[in-house]
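Trainee: Protein chains in written order, with numbering that gives the first Met the number 0: chain L, 0 to 300; chain R, 0 to 255.
You can trust all of the hints, since none of them are fake.
Here are the computed lysine-lysine pairs in the PhoX-like style, where the Cα-Cα straight-line distance is at most 20 Å:
| no. | chain 1 | residue 1 | chain 2 | residue 2 |
| --- | --- | --- | --- | --- |
| 1 | L | Lys57 | R | Lys254 |
| 2 | R | Lys86 | L | Lys140 |
| 3 | R | Lys248 | L | Lys57 |
| 4 | L | Lys57 | R | Lys249 |
| 5 | L | Lys120 | L | Lys179 |
| 6 | L | Lys59 | R | Lys249 |
| 7 | R | Lys9 | L | Lys113 |
| 8 | L | Lys208 | L | Lys21 |
| 9 | L | Lys92 | R | Lys86 |
| 10 | L | Lys59 | R | Lys254 |
| 11 | R | Lys248 | L | Lys59 |
| 12 | L | Lys92 | R | Lys9 |
Worth flagging that the hints you see were computed from the coordinates, not collected in a lab.
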Amino acid sequence: MHAIQVEDLTKVYANDTLALEKVNLTINAGDFFALLGANGAGKTTMIGIITGIVMKTKGKVHIFQYDIDRNFAEARKMIGVVPQEFNFNIFEKAQDILITQAGYFGIDRSEAIKRSEVVLKQLGLWEKRNEVSRNLSGGMKRRLMISRALVHNPKLLILDEPTAGVDVELRHGMWDYLRKLNEQGVTILLTTHYLEEVEQMCRYAAIIKNGQIIKHDKVSSLVQLLEMEAYEFTVKDMHGLDKIKKYHPSVRDANVFEVELHRNNELNDFICQVHKVGMEIIDIRPKGYRLEKLFLNIMRE
Amino acid sequence: MLSEQIIAFKTIVRREVVRFMRIWTQTLLPPVITQSLYFIIFGKFIGSRIGEVQGVSYMAFIVPGLVMMSVISSSYSNVVSSFFSSKFQRSVEELLVSSTSNWVIMAGYVIGGALRGICVGTLVFFVSILFTRPVIYHFGIIAFFMMLSALLFALAGLINGIYAQKFDDISFVPNFILTPLMYLGGVFYSIENLPVFWQNLSQYNPILYMVNGFRYGFYGFSDVDIRTSALILVFFVLSLGAFCLYLLKKGTGLKT
Ligand SMILES: Nc1ncnc2c1ncn2[C@@H]1O[C@H](COP(=O)(O)OP(=O)(O)O)[C@@H](O)[C@H]1O
Ligand SMILES: [Mg+2]
Chain L
0 MHAIQVEDLT KVYANDTLAL EKVNLTINAG DFFALLGANG AGKTTMIGII TGIVMKTKGK
60 VHIFQYDIDR NFAEARKMIG VVPQEFNFNI FEKAQDILIT QAGYFGIDRS EAIKRSEVVL
120 KQLGLWEKRN EVSRNLSGGM KRRLMISRAL VHNPKLLILD EPTAGVDVEL RHGMWDYLRK
180 LNEQGVTILL TTHYLEEVEQ MCRYAAIIKN GQIIKHDKVS SLVQLLEMEA YEFTVKDMHG
240 LDKIKKYHPS VRDANVFEVE LHRNNELNDF ICQVHKVGME IIDIRPKGYR LEKLFLNIMR
300 E
Chain R
0 MLSEQIIAFK TIVRREVVRF MRIWTQTLLP PVITQSLYFI IFGKFIGSRI GEVQGVSYMA
60 FIVPGLVMMS VISSSYSNVV SSFFSSKFQR SVEELLVSST SNWVIMAGYV IGGALRGICV
120 GTLVFFVSIL FTRPVIYHFG IIAFFMMLSA LLFALAGLIN GIYAQKFDDI SFVPNFILTP
180 LMYLGGVFYS IENLPVFWQN LSQYNPILYM VNGFRYGFYG FSDVDIRTSA LILVFFVLSL
240 GAFCLYLLKK GTGLKT
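Could you put together the complete structure from these sequences and hints?
Mentor: Below, the structure is given as structure tokens:
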């Protein structure tokens with residue numbers, strides 16, 4: 000069973016920005032899935048279309064086999080969404096926000112009150128139930144958004160950049176909670192631009208760039224592509240460079256060069272070689288942004 | 000499922016009513032005070048010099064129009080401000096991502112706003128009893144015109160809220176369109192007393208029909224045929240309702 004099935008999805012915004020171009024993507028029920036991409040890649044647009052906030056230009060989306068246009072109510076009931084930015088009524092109390100949200104999903108008020116208590120307790124917000132949302136801290140607001148997304152017991156939880164602006168402690172708590180939810184059978188889709196998070200948490204990932212899915216694979220296979228890691232060496236002088244040619248160093252500056260090495264243990268060997276040819280190392284630093292690197296490797300494939 | 004849509008509808012209406020009740024000093028009190036001032040100034044001070052209009056005291060003559068004015072402006076402003084502020088804060092997304100269908104979103108906001116209009120109208124009517132003895136010619140007609148006018152202007156408020164991009168946009172229509180139409184809609188005078196040109200022009204003012212239909216319910220007289228009034232009202236409610244649904248379906252002002 001597919002939790003999400005996206006076919007030929009295209010989005011052109013009113014200002015002619017092509018945000019998604021013929022995207023195809025399937026996510027299996029039960030997955031813990033990451034949509035990985037830099038800012039502006041089209042992640043929020045994709046989620047907006049799936050959840051009903053953005054109008055699609057073309058294409059089809061099914062949620063657990065419900066067409067989001069033809070079986071709109073059934074499809075929506077499957078989804079809980081945690082948006083990228085806070086979107087509360089700032090004068091409404093935490094528990095009221097949840098009860099109202101449940102009501103919009105057709106859950107009877109007495110049941111909604113019970114459900115809101117369960118999720119508020121799960122996210123450690125029960126003491127804050129009568130606080131208006133604007134008085135909550137950033138971390139609490141984030142948790143309130145998660146509890147709001149879960150109040151109608153969705154089978155698919157979508158989180159748009161859930162760790163942006165969240166401190167380390169809360170981040171770990173959130174990961175644990177999401178993992179537990181996933182074990183209970185909730186499919187999870189999250190977007191992020193941190194590769195490290197995906198490595199730790201997700202089983203599958205799709206990489207989106209300029210509105211196109213450029214790769215969709217197991218996270219472990221994606222990380223394989225990163226086996227080669229680039230390093231920048233600053234040395235006293237470059238006289239021995241010829242003798243380490245087999246590593247394909249590329250010169251960056253009078254005394255700076257770059258090499259790509261296998262992550263496993265090649266770095267050690269390489270440093271020995273550099274010493275052997277008599278170059279004195281002043282500085283070694285891993286090169287920049289790993290996500291960018293991954294993109295490059297995928298493109299090169 | 001229908002039962003789920005009904006729960007969603009009740010949720011929206013309840014939220015709207017709780018909202019205007021909680022801030023009653025901004026939503027219920029001001030129109031009651033304003034209309035009371037009209038009763039005092041126009042009805043008591045000036046009205047005593049005017050004498051009777053169509054067989055009733057001037058004070059009695061202006062009561063239905065003033066009640067109708069408060070129904071119209073309260074219904075309108077409730078929906079436009081509530082809807083726009085939920086758009087502005089983006090909490091409207093709670094509705095957009097839910098399984099609530101468009102006609103329920105429309106019905107919920109509109110009934111919620113109409114309830115405030117009816118609430119304020121009823122309060123203003125009770126205040127009027129302090130100044131004049133009420134006559135009720137036909138309660139059904141009064142209720143019909145009050146409810147349909149409340150619905151109509153709640154719908155108009157929703158359309159305004161859907162299109163509004165900034166706070167200025169929600170005060171433009173009330174200030175520059177609604178208020179002039181209300182004042183020129185025969186609240187304070189019978190159009191019989193106007194020159195022919197103005198009489199003819201007034202016929203294009205929909206509020207004239209509401210005020211007169213409503214007044215007919217109290218005293219049994221009207222400047223216009225009240226069946227025409229009723230039909231015009233029903234026609235406007237249905238067309239604005241259809242237009243509103245179309246906007247919601249297209250996602251105008253709500254979805255990018
Ligand atoms: N409402 C909008 N109107 C016009 N362009 C938009 C709108 N929202 C997003 N975009 C553009 O669409 C592209 C994808 O944006 P987005 O989906 O927000 O990316 P991401 O979430 O991956 O950062 C970007 O070029 C962005 O500028
Ligand atoms: Mg985004």
